[in-house]
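Novice: Listed here are the chains, written in short residue letters.
There are 2 protein chains.
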Amino acid sequence: MREVWVVGAASNRYGKLAETAREAATRVAAEAIRDAGLEPKQIGHTFVANCFGLTEHQAHVGPLINNGLGIPEVPSVTLESACSSSSAALHEAFVHVAGGFADAALVVGAERLGHLDTMSATGYFAYAADYPFETKNGATFPGLYATLADAYRHAYRTTPEMFGAIAVKNHANAARNPHAHFQKEISMQTYLDSPMIASPLRLYDCCPFSDGAAAMVVAAPDAFPRPANEPLVVRASVRTGAVTALQDRSDLLGLPSTQRAGKEAFRRAGLEPRRIDFLEVHDCFTIAEALALEDLGFFPRGSAARESLEGTTARDGRLPVNPSGGLKAKGHPVSATGAGQVVEVFEQVNGRAPGREVPRTGTALTHNVGATGGSCTVHIFSRR
Amino acid sequence: MREVWVVGAASNRYGKLAETAREAATRVAAEAIRDAGLEPKQIGHTFVANCFGLTEHQAHVGPLINNGLGIPEVPSVTLESACSSSSAALHEAFVHVAGGFADAALVVGAERLGHLDTMSATGYFAYAADYPFETKNGATFPGLYATLADAYRHAYRTTPEMFGAIAVKNHANAARNPHAHFQKEISMQTYLDSPMIASPLRLYDCCPFSDGAAAMVVAAPDAFPRPANEPLVVRASVRTGAVTALQDRSDLLGLPSTQRAGKEAFRRAGLEPRRIDFLEVHDCFTIAEALALEDLGFFPRGSAARESLEGTTARDGRLPVNPSGGLKAKGHPVSATGAGQVVEVFEQVNGRAPGREVPRTGTALTHNVGATGGSCTVHIFSRR
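Just so you know, the protein sequences line up as chains A and B, in that order. First residue of the first sequence? That's 1 in our numbering, and the numbers climb one at a time after it. First residue of the second sequence? That's 1 in our numbering, and the numbers climb one at a time after it.
Keep in mind the hints are simulated off the structure, nothing from the lab. Quick caveat, the model's predicted, so the values are computed rather than measured. Please note that a few of the clues may not be correct.
You can't tell identical chains apart in this list, so a pair holds if it fits in one copy or across any two.
[To be verified] Below, simulated DSS-like cross-link-like pairs (lysine-lysine); rule was C-alpha separation at most 25 angstroms, straight line: (1) K136 x K16; (2) K136 x K41; (3) K41 x K263; (4) K136 x K184; (5) K41 x K184; (6) K41 x K16; (7) K263 x K184; (8) K263 x K136; (9) K263 x K16; (10) K184 x K16.
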């Protein structure tokens, strides 16, 4: 198996896009290829994520992106794994390059949701749950994650401020990220005063619907030995599944797919959690960040929300978490989210995150969840 | 790179399903695993195709299928490449197994369209074209393939009977296939009398909308050396792309993605077209079968429709094409179609196609197109 590097990356600013997902994907993909110092014709395969293309009347978008890049002959495929779609795309690109099926591959995730009203978008999102047992009975993701948050607060006697600290931190980080949807800090009081969406989740516990696009180029160093940037060495690329419906799970105090993916990723990378310098985790709701940090083994069960309040996960803390601002404040353009996490790691490692630098960038982990953990993807990266 | 075999396969009867795509996929996947003589827990990765799940309110269906199989922890991903989605899924499974990332992988494609009216279904299909340049201006696939058929008949002075012969042949084959949507023969007169849909395409030039599910298990012989069936050795698994919009192409007398995929597949397999014993090709419209046979190098340009009229491609002809009945008459459940082509090859090789046997089953080729050729996948199989 060949070593695989991330050699170039690009993102637009998340928020409300005037352009279609196809247009945004094409533009950002071209930027990522240019950033990698490659020509489009050096791309062997394109892996796309774009879950909601049908709402823009466009499926089969890979050939259109490749055509826009001037490489119509290159194969492409669109991957869907709910909110983890573009990290699933990265996994396929990793497998193709590591296995010798391509020397360089393009990963691009793009989503446009801004043309839908909030109820429609919430409804579409909810199709990633178990329809006959969850969605059909009225469940949407705010409600499902509220169930997880409720279990957590009762088990560990947490305070609202512990979750508020996650939101305040991620907004503070996003305020320094030019790619972020919400570039504004919030106070704890703003968090506490925000309306209840699905008890115990307040408005500022929830990520927004964002439009956005993020892309990267992965390549084999034996084919491209002189990268234009400081590459990310992919130390582990792991995907797992789990029972989708919450009602069918024995434990609501964690996501089993994250637990399995994290354990396997650390095994493959030959690292312990304490060796990770910073993280991007899937914080679609603040409870999700707390669960991720515990499931991945960074904190004992029931302690992650408290650690956030104590500043451990701040950008200058012992373990910086979501220096990008996370889904919570950078935004959550579904199919771009996983790729966007890697863009943040790439920018941190390459000194392209001015004003939001983390202290150490030797190793990083990205964690991307589909639905309430029916799927999970974990990547571990290190410097050369 | 390891050798990869198809070791088990299953399909339901295409047509109108009472069950959801999720239910059909789970049931057929379980049959394919049982057919392979494996336990579900021996599956390392599940690759799903299901393009129109959103119309059933269900995305992220892989974890649900795996849960139904009793293997919720196994990773899954859904792949979309328009009408070539499940052959794209097979390609990913091939890459994972050949590259050593899994010893066995499940490929399952399923679609339900019967709950949509014909105009809605035609409209959804058309999203696989180039929306701003084709679909938005009123083009749907009958019209786009009619454009190709029109170019062909003017270039080569063909007769309607030449295309009718393709339809008559494929209906005759489907009449002997218990998986087929249309299990009835048609006469040339029935073809000629059928209403014009998009000139020169008559009703019987067009494939139906079908519900259906097809699945297979691929495995590495070094991990599973004693298969329960006669395996298909994957000699080549090739995907390509091309300019999607017809208006942007220089040549309408063929699909460039098929030409490239065929050439590369024969190169990798180390075979010439004349060494192929039988074929399943993408005949969404009769013109598509003619173009495929020419693009793949089986007949000179302009001669394939004539060869059909002369019986060359009949089940007992020199080169049997679509012994299953093809998309035309077996049916076209979009995301099951490519996997279903391989099911036919598997059943022919294993003596499980009584009444529609082809004379020789040493080598076979499957050809699956996305849209009007924006994507193409070609597989070549041989016996051990």
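Novice: Please write out, lowest number first, the hints stated earlier that are contradicted by the structure.
Specialist: 2, 4, 5, 6, 7, 8, 9
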